[in-house]
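Undergrad: Sequence:
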Amino acid sequence: MSNAPSCHSSGCHDHSKTDYLLWGSLALIALGYVLHLVGLNFNNLQLEEFSHSVYELMNKMAIGLVLAIFFTGLVDTIPQEFTLSLLGTGRGFKGLLRATAAGLLLDLCSHGILLVGMKLYKRGATLGQTMAFLIASPWNSFSMTIILITLIGWVYTLVFIVLSCVIAILSGLIFNSLESKNVLPKNPHTVAIPEGYKVLPEAKKLVSQISFSPAVLWKVILSGAKESKMILRWVFFGVIIAALVRVLFTPESFGTWFGPSLLGLGLTIVAATIIEVCSEGSAPIAAELLTVAKAPGNGFTFMMTGVSTDYTEIMALKETTGSWKISLFLPLVTVPQVVALGWILNNYP
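Residue numbers (our numbering): 12 to 360.
Be aware that a few hints might be false.
With a Cα cut of at most 25 angstroms, we get these calculated DMTMM-like pairs of lysine to aspartate or glutamate [as the list claims (entries may be wrong)]: (1) Lys240 <-> Asp87; (2) Lys336 <-> Glu190; (3) Lys105 <-> Asp87; (4) Lys28 <-> Glu238; (5) Lys71 <-> Glu59; (6) Lys329 <-> Glu238; (7) Lys237 <-> Asp87; (8) Lys71 <-> Glu60.
Calculated directly from the structure, the hints in this document are not laboratory data.
Please model the complete structure; the sequences and the hints are all you need to start from.
TA: This is the structure we're talking about:
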């Protein structure tokens, strides 16, 4: 591994100081969760909606976040050379395909995928691979595919998956090009793979060394929690914002206001930017846009733009890469593609 620090100097935190964003958000979440559990709302409808939203969002994200912390810790135990061999090195098309496939197959929610994606970047994945992984994966897990089929049917589900892969690969190519031309900073976490390095023999070696003792499992979880801390602070903050938005707006109103027009697409982008929900939460809203508003492009746009303009994702990218430029290029590169495909879906369903 290179001698580069785990994050750029501009993006590092002084961990000796209290992280008020993390603990403040977590305290509000805990308060809202407990209030809902005990049924205490002080006859305040807004407080009741807030506590219910916190309870619902955390329950939906809990399993995905726990698995994400575990996978993040697990990735930390795997040699960097092995990780990069699986993804493919350099900026070739094959490496982007592998990263996209990994995003499709990993069954985690969008916030869980974010944790793993940031870890892959720190393990040496190219910027294009990291973006392809993040863009392809948020709702393309096996569980979400089943949910989408029940909500919108298998045809639109398949169309959404294919189009998201197209955007992921194209965006990966663009980010790799921008990185190679020094428009965006290169990933400092690089490592040279030894000549003659073979994945299969190394995989067998790793499997033979696996120990399933409670001590090892606990070590993996602790490592994952430590590595995920800077991302979790934004996830928890996002839950607070989402709960507050739900107090002011109802998801059902999307089906009434966001029709298959350019204005509807624009409002959908605004809504997807404001409303911070995990992938399980975005699917029912997208289904409403498709089935009630008769705007399949808006449904696709809501799910995809939520990834591109998600402030949790943008802040996580900034924290991990130390670059505002990289994080802000995510919506700059992806949103035009999403809008174009959304318009096509609305006009040629």
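Undergrad: It remains to establish, for every hint, whether it holds in the given structure.
TA: So, going through the hints one by one against the coordinates:
1. Lys240 <-> Asp87: The hint holds at about 14 angstroms.
2. Lys336 <-> Glu190: holds, 11 angstroms
3. Lys105 <-> Asp87: holds, 24 angstroms
4. Lys28 <-> Glu238: holds, 17 angstroms
5. Lys71 <-> Glu59: Roughly 18 angstroms separates the two Cα atoms, so the pair holds.
6. Lys329 <-> Glu238: holds, 15 angstroms
7. Lys237 <-> Asp87: holds, 11 angstroms
8. Lys71 <-> Glu60: OK: Lys71 and Glu60 at ~16 angstroms, within 25 angstroms.
The structure agrees with every numbered hint stated previously.
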